[in-house]
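Student: Here is how the chains run, residue by residue.
There are 2 protein chains.
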Amino acid sequence: QPPIDNSATAGEWQALPVKAESPAANPTTAEKVELGKKLFFDPRLSLTGTVSCNSCHNLMEGGDDGRPSSMGVHGSIGPRNAPTVWNSVFQASQFWDGRSPSLEDQAKGPIVAAPEMGMPAHENAIKRIAAIPGYQTEFRDVFDSENSVTIDNVVKAIAAFERTLVTPNSAFDRFVQGDRSALTDKQIRGMQLFSDIGCTECHSGPAFNGWDVGSTTQTFEEFPRNAESQLVGQYGLDRDLGRFAATNRKSDKHYFKVPTLRNISLTSPYFHNGAVAKLSDAVRVMSETQLDTELSNEEVESIVDFFSALDGEFPSIALPRIPSRPGESVLEDQEPAAVGE
Amino acid sequence: QPPIDNSATAGEWQALPVKAESPAANPTTAEKVELGKKLFFDPRLSLTGTVSCNSCHNLMEGGDDGRPSSMGVHGSIGPRNAPTVWNSVFQASQFWDGRSPSLEDQAKGPIVAAPEMGMPAHENAIKRIAAIPGYQTEFRDVFDSENSVTIDNVVKAIAAFERTLVTPNSAFDRFVQGDRSALTDKQIRGMQLFSDIGCTECHSGPAFNGWDVGSTTQTFEEFPRNAESQLVGQYGLDRDLGRFAATNRKSDKHYFKVPTLRNISLTSPYFHNGAVAKLSDAVRVMSETQLDTELSNEEVESIVDFFSALDGEFPSIALPRIPSRPGESVLEDQEPAAVGE
Ligand code: HEC
Ligand code: HEC
Ligand code: HEC
Ligand code: HEC
Ligand SMILES: [Ca+2]
Ligand SMILES: [Ca+2]
Ligand SMILES: [Ca+2]
Ligand SMILES: [Mg+2]
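The listed protein sequences correspond, in order, to chains A and B.
The opening position of the first sequence corresponds to residue 12 in this note's numbering, with each subsequent residue numbered one higher.
The opening position of the second sequence corresponds to residue 12 in this note's numbering, with each subsequent residue numbered one higher.
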C-alpha cells in the first residue's frame, strides 16, 4: 500500500528506524551509553576546558551550532560547517567527505584537531580523564578491566551514546506509516515535487541520504554538478575539493557525501561551508546546481514546508553529572587570571 | 539538642534550606523556571553563538568551569575565577566584590561583558531571541503580555531558574539534622577544628558565607588580612582591590564577599583569582592570611575531609530543548568558513 497515491512518486518513502544497531566490536550497553554521554558533554576533553562535543553539536537543538563554520578552542574558526549528530548513525561514513568509516573512528578526530578541541595528543586527554576518580571507576565497570581509560574506549563510549541519538516519529514518518492526516496538503505537494524533479535520486532512504538500513556503502555525489550556475560563485561552493582531499583521486574532486535531510529545518546554515543561511535558498541551490532546474517561489516553499515534516521526536536526555577530581581541577595547567588594576 | 557534643563549637551549624524564596518582584513559577533554564543553556545569547551561562557555570559539575579564570568569546580570558551558581541564591549580593544586589541584576552583566558573552549591547541579544518563534510564544505565556522579550524579562527568567539551583541533603546536613553516622570521625574532627580556630567567624550560617535565611546584608571581609604571609606574594592575592573597585571607598580595599563553602571540593581552583589549585592549599592560605595560624598537615587534611561532607544533592535536570528559528539560524552574522585549499 503506497503511502501517497500518485504513482509518479519515485521514492520508496521509508520511516526512520526507531533504534540503531550496534556493531559486534562495540555492543551498546546502558552503562556504556551513560559514560559516552558524560564524555560527549565534558569540556575537559579540550585544551582550554571550554569546548565539548556538545559545543558544536548542541543536542538541545539541531545537533549543530548554527554557525557557518565551527569555532573551537581559542576562538579559532574551522573550514567547514558542523553537521548534525542526530541520526549520524544512519550513514555509512562520517564527515562531509566521508573520510571516516565509523562513529568510533570519527570521534578521535575533534579531540586533537587544532581548531576544535585542540589537544596536542590523545594522551593529554586520557591523562585528564584518568585523573578523575569517578571516570576511572566507570571505565573499569563498563569495559571490565583495569587501565581501561584509553582513547579506544573513550571513542567506543561516545559512539555508543551517539547511536542513541535518533529522532523517529516525525510527521513524515507517521504519514508513510499510514496516518494520512500527518501532513498538510502543501507538504504533500512539496513531497511530490521533491520526488518528481529528482531530489530523491540522491536523497533517498530512511534518512534521505542514499543510505539503506544495513548498508555499508556511502553515497557520494558531485557538488556542484552544474558549475555554471551563478549561485556557485555567489556562495563559494567550488572552493572545497571535498572527497579528493581524503582519497587524492581526481575523480573525487568536488564529491561530497549526500547528507541527511532529517531535521534539516534546525541545521541552518547549509552546505559544507555553511554559506547559505536560508533553507529556501539551499533548495534553490540544489535544484539549480544538481538538477539544472529553476523552481518558482511557490515550489520552493512547498519543499521547505515538506522539510518541516522531517523534524523528528527528540529523546529526552537527563543532564549528566560529570565526575570531579575532588579538591583539584584537571585544568590546573591553564593561564592565570589577567591581572586586575 | 546540639549537633556535636563538644561545647567549644562556636558555630550554630545549620542545614541548607531545601528551597529558596523568590522576591515579590519576580515570583517563581514552573513555566518561568523552564524558560530561564533554556536561556541559561542557550549559547545564542553570546556574540559568537558559542558561550552560554552554562559554559562558565557548568551545572553538570560544580557550577563553575574549573579554570583559574574564565574564558569567554574569542578565547578571551577575564580577571576572575567563576564562582559556582549552585546555591548562589543563598547570599545577599553577587560577584566576588558583591557589586550586584540580586540575581536579576547580576545576569545582565555577562551578556554584554567583553570577555564573557561579548554582545555589544542587550538589544543585540534581545534581537536574537525575538527572532526565534518558540521564545516569542514562551515569553508571552510566562509574562502574560505582548512584546515581552525584553532584557528585564530575560534576567527574571534566568534568576527564577537559578533559585532552583540548591543542593541540600549533604552528609553535613544529615549530620546536623541528627544522623550522627553521616560524618566520619575524621570529618567531625575537621568540623570541630574549623570552628575552634575561627573559620566560622566568617564562614557561618547555612551556606558557610555569613548569610542567614532572610538576611539582605552581605558579609565582606578583608582578604588577605595578614598581608605579611609569604603565600600572598606566591599566589598574587593582593593584586585585586576587591570591593574598592565597586564602591571607591578606601576602607573597601581588598575586601571580598565571604563565599559559600558548599560543594567547595568541586570548585577548584580557589579564590577570586583562581591561583590556588588545591583545596588543601586553600585551607592553608585561609588559616595563615585570615587567622595567622599554621596548621599541621593532619589538621589541613581533616578540614578538607570535612569539606567533602558539604557536597550536596544535585537536582536532576532534563536537558532543555532550546527553540529554533526554522530554516534559518540567528547567527547569520558570523564569519564565513576559512577557505580550504
Ligand atoms: C569545534 C567544533 C567541533 C567540535 C568540538 C566537535 N565537532 Fe564534530 N564536527 C565538526 C565539524 C566542523 C564537522 C565536519 C568536518 C568535516 O566534514 O570535515 C564535524 C563532524 C562530525 C561528525 C560527522 C557527522 C556527519 O554527518 O558526517 C560526527 C559524528 C561528529 N562530528 C561528532 C563529534 C564528536 C563525538 C565530538 C567530540 C569528541 C565532536 N564532534 C567535536 C565540529 C566539531
Ligand atoms: C546529484 C545529487 C543530488 C541531488 C539530485 C540533490 N542533492 Fe541535495 N545534496 C547533495 C549533496 C552531495 C549535498 C551536500 C553538498 C555539500 O557539500 O554541502 C546536498 C545537500 C543538500 C542540502 C543541504 C544539507 C545540509 O545539511 O546543509 C539540502 C537542503 C538539499 N541537499 C536538498 C536537496 C533538494 C531539495 C534537492 C532537489 C531540488 C536536492 N537536494 C537534490 C546531493 C544531491
Ligand atoms: C565567560 C565566563 C562567564 C559567563 C559566560 C558567565 N559567567 Fe557568571 N561569572 C563569571 C565570573 C568570572 C564571575 C565572577 C566575576 C566577578 O566576581 O567579578 C561570575 C559571577 C556570576 C555570579 C555571582 C556568583 C557569586 O557567588 O558571586 C552569578 C550568579 C553568575 N555569574 C551567573 C551567570 C549567568 C546567569 C550567566 C549568563 C547570563 C553567566 N553567569 C555567564 C563567569 C561567567
Ligand atoms: C576574616 C574572614 C575569614 C576567615 C576567618 C576565614 N575566611 Fe575563608 N574566605 C574569606 C573570604 C573573604 C574569602 C574570599 C577570598 C577571595 O577573595 O578569594 C574566603 C575564601 C575561602 C575559600 C575559597 C573559596 C573559593 O570558592 O575559592 C576557602 C576554601 C575558605 N575560605 C576556607 C576557610 C577556612 C578553612 C578558614 C579557616 C582556616 C577560613 N576560610 C577562614 C573570609 C574568611
Ligand atoms: Ca548546517
Ligand atoms: Ca569544578
Ligand atoms: Ca573556584
Ligand atoms: Mg541549528
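Mixed in with the good hints there might be a few duds.
If chains are identical, the list can't say which one is meant, so a pair holds when it fits in one copy or spans any two.
[Claimed, not checked] Calculated pairs, PhoX-like style, for lysine-lysine (alpha carbon to alpha carbon, straight line, at most 25 Å): (1) LYS119 with LYS261; (2) LYS289 with LYS49; (3) LYS289 with LYS261; (4) LYS49 with LYS119.
In case anyone wonders, no lab produced these hints; they're calculated from the structure.
Student: Now, for every hint given, state plainly whether the structure supports it.
Tutor: Going through the hints against the structure:
1. Proximity of LYS119 and LYS261 under a CA criterion of 25 Å is satisfied in neither setting, with 27 Å inside one chain copy and 54 Å between copies.
2. In this homomeric assembly, LYS289 and LYS49 come within 25 Å of each other (Cα to Cα) only across copies, at 24 Å, whereas the closest approach inside a single copy is 33 Å.
3. Taking identical chains as interchangeable, the C-alpha atoms of LYS289 and LYS261 are never at most 25 Å apart, the minima being 32 Å within one chain and 56 Å between chains.
4. Proximity of LYS49 to LYS119 under the C-alpha cut-off of 25 Å is restricted to the intra-copy arrangement: shortest distance 16 Å within a copy versus 30 Å between copies.
Hints 1, 3, counting from the list given before, are not met by this structure.
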